[in-house]
Amino acid sequence: MSRLTADNEARARRIMALYPRPKSALIPLLHLAQSQDGHLTDEAVRHVAELVGITPAEAAGTATFYEMFKFHPVGRYLVNVCTNISCALLGADDLVAHASAALGVKPGGTTDDGMFTLETVECMAACTEAPCLAVNYRYRLRVTPNDFDDLVAAIRSGDIDQEIPHHGTLARVHQEIPEGRMAGISSPEQARAAPAWMAAGAEGAG
Amino acid sequence: MTGPAGEGPAVEITVDGAAVAARPGELLIEACERNGVYIPRFCYHPRMASVGMCRMCLVTVDTGRGPSLQPSCMVTVAEAMAVETESAAAVKAQNGVLEFLLINHPLDCPVCDKGGECPLQDQTMAYGPGESRFVEEKRHFEKPIAISATVHLDRERCILCDRCTRFADQVAGDPLISFMGRGGATEVNTFADEPFASYFSGNTVQICPVGALTAEPYRFKARPWDLTEAVSTAWVDSVGARVSVQSSRNRVLRVQGVDADAVNWGWLTDKERFGFEALDSDGRVTGPLVRDAATGALVPASWADAATRAVEALSRAPAERVAVLGGARLTNESQYAWAKLAKGVIGTDNVDAQLDDGLPPELVLSLPRATIDEVCRPGGVIVLLGGDPKEELGSLYLRLRHAVVSDGATLIEITPRATGLSGLAAHSLHPRPGETAELMRALLAAAATGAADGGAAGCDRAAIAAAAAALDGEFTVVLGRGSLAETADSAAAAAAMLAGRGSVRFLPVLRRGNVNGAFDAGLAPGLAPGRTLLAAGTDRLAGIWPRVPARPGRDARAVLKAASVGEIDVLVLLGADPLNDFSDRAVAANALDGAGSVIAVDLFVNDSAARAADVVLAAAGPTETEGTFTNIEGRVSPMAQKVTPPGTARADWMIAADLARRLGADLGFASPAEIRSEMAEASELHRALTPEALAASPVEGVMLAGTQIPVPAVEAPVAPGSRGLRLVATRTMYDDGVMLRHCPSSRGLARGPEARVNPAALYRIDARPSTTVRVSSARGHLDATLVVDEGVPVGAVAVGWLAPGAPANALIEAGSPVTEVTVEAR
Ligand code: SF4
Ligand code: FES
Ligand code: FES
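So the protein lines, in turn, are chains D and F. Mapping of the first sequence onto this note's numbering: position 114 corresponds to residue 114, and the numbering continues sequentially without gaps. Mapping of the second sequence onto this note's numbering: position 324 corresponds to residue 324, and the numbering continues sequentially without gaps.
Bear in mind the hints are in silico, worked out from the structure with no lab data behind them. None of the values given here were measured: they were computed from a predicted structure. Watch out, some of these pointers could steer you wrong.
Stated by the list, open to error - Simulated restraints, written as ranges between beta carbons of each label pair:
#1 F:A21 <-> D:Y137: 53 to 59 Å
#2 F:E131 <-> D:A102: 42 to 48 Å
#3 D:G53 <-> F:P110: 42 to 48 Å
#4 D:A88 <-> F:F134: 21 to 27 Å
Beta carbons: idealized from backbone N, C-alpha and C, even for Gly.
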């Protein structure tokens, strides 16, 4: 049960300031919460809802729509193996069976050491490179059982820590726009008005 | 929301080959229905925005580009549109949609409460394919989960129509339920530990098109075909929401909202919906009781014995030493009978339907009235002067909320503390307790000159100037009683100032049941029936009442003060509970002890009757007697008798007639209809209330308009000078009132005692938030949890009126302009 840390709350407020309405920042703030805890805790969802001014039920309604938000602890590395048609035709089932045996968990399960969660997923739009998988949304293409074992070994050894950060991390570098460089935001009402160049164009045409 | 379709020339369309004149902007599904073509639907609801969620309403539409299937709840009519509601394509679509909807539906109709009145069941029979090709496993959920104290959700039955969630969000403004998950895993649910605690939750049960939502009071109680219904009027507050009272085998089992376009649009508060449970509870008085001299207990007695005791006391007492308090619980007819008994037979004018908890009746009756529709006019300006409609008059709150959220109305609230509407109000002003008149003076001065001189009543200059600017044109005033910890004088003076502005009209929102009917029947000191002063009504009443009191009598405050010093011989409590409802608990207690005899006429033995009643006469409840009800607008609608009263309880008018007969007078009527015809004789106002008028408007009711009373001069009291903390006491939806105590589904919903203070005032209090504090006045004290609340004015401490175990009236001295308190740690 964890709310956003003070640092993350400050970051959340900076993110909210980029939008005309606090509510628009809901998804980025949920990502922020997930990067903090690896999954979305009830407390963090409640905190995010408070920050953007909606009820926790509304926040959870939006959050649960998206596969990439997890509501239970998942491993440090989330392994998604595609089992849709192209991948299936090129051996996805064998790959899943191998991954299951190698990690010692069924799809949906998490290894005892909390390192890996194995999931089967639908098409990841990499059909030409089937069968494929993703670890924390970083793709591996034309994966053989051997490739899988190498990947797991590399992760365990920490060799590709730089490439694949732990689950929930969208980016290691957060974009910060200094006050003076902000282009400014316009509310939807303002945005509905015709842009300035249009009027200028009309004059020119006249 | 969809709202009424616009004005303008009709739009000609063709529906199934027939020419139909639709209204401009009208939804196709509505235009068809108005012209006798019903299109099946699940998600569409006329009082909410369309979402096109279920696709059941697909019809073939051709606007010149060739026919195509379109959801008729999402399409507005257009000139020359050709619509086929039973084309081969439409029928195939209906078949398909139903087959899909039933894929995951458990078809547990035989054990489902909705079976027999279920749109899914009915429409499957009428438009469904008859057989499903789906042989796979359906989805499974834990059978009903409680999403609130009263409402259960069976997710297996849900067809994801978005009605309940839309209601919670758009209508009630309590988005505590939401769609969770997506695709085949979508379900309706609450957040982990945050129940659907909305005052309006029961509406979702009524509008759910399947049996997914059920309410505790009706679960497994009856099948729809065993129920018979009567259209009646909700009685727990004064909005007069129309309801259907449904019973089986002489027991009321369910109350549903009825869509009265001018009043409640089909919505009810949970209190209106479930309040009937109290009438059938164990605590109900089912026959007369008398105080046993030996044991001091109230024991059952025969009507003859009880009435004799009451009449002995009444006949011994001089008229001016008899008082009748209460009567807002009664039907109009019973109120008139009691007014006639008290004023016309006994001859006392010490009669008051309010317990110092409303506004001066003369003022209320003199003001030009506005209807709810007029107040909620699109684009209008509404001044809310008084309490919190969300807490006091829930179904009016929904109308006001709709006006602001969907119809562009501007709300200016002048209330003792933030309300359920504050988030929507353009201007929120919370004057210091006792200083409403000062604020109003400043506001009107600023409106006249275009600039505010300075702050007033604790509100700052800028806020006053901004609100004043909004008062530039036409506006209506929703006028109620704000805080009960100060007299009504300051607010009444503020209302009179507004009345002085000419074109302003008022919707008086005194909250107590049929209090408006009581005023119109003359159940207040100085009043005759028909919004007439006693003095002006004497001639008219001469031939109808045996006598008419010569002078105006005492109001509730004066009656109770007199009783407490032994000046009242008989105190009749007509459903009144002074101990809990009068502003001053000490005076109420002394009055009950000091009155010669106390006669209670009630459904329950309330705290006052338990303490002091010598006789309790068992009255029939609102579903047990026929009559009419008058709402805040003056709209009169029928109260239906659906069941017989329990035991030997009888209608209040019968009790009045019986007592009169024993006092040697004949009230002269033997039925509510006969009372109504006498009322039409006794009062100009009630002449509009003919049987024909009532029959012609069974849902909207009959409006009684006009008044014989001039706006009284109201002196603004001098603003109190003290700088101490002042008490604000306001009503809450759920409290420790006697009806709610006897209502199983609302028992336990009353919040515990809280003392709320503005964060800026916290430094004046030597206690930490969330701890128990003692709030003390010169009168008494109560213990409550300290809560920080930005919506409370800085110099005030706000408490609920009747929180369990902490009655605010223990702190208040009746008639004092403000109540000063101190707060300290316990
Ligand atoms: S519970 Fe009922 S009202 Fe709510 S979405 Fe499901 S079917 Fe519709
Ligand atoms: S089927 Fe596997 S990526 Fe498309
Ligand atoms: S009623 Fe039109 S889509 Fe549901």
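Next on the checklist: Hints numbered earlier in the text: which of these fail when held up against the supplied structure?
Outcome noted: No hint contradicted; all consistent.
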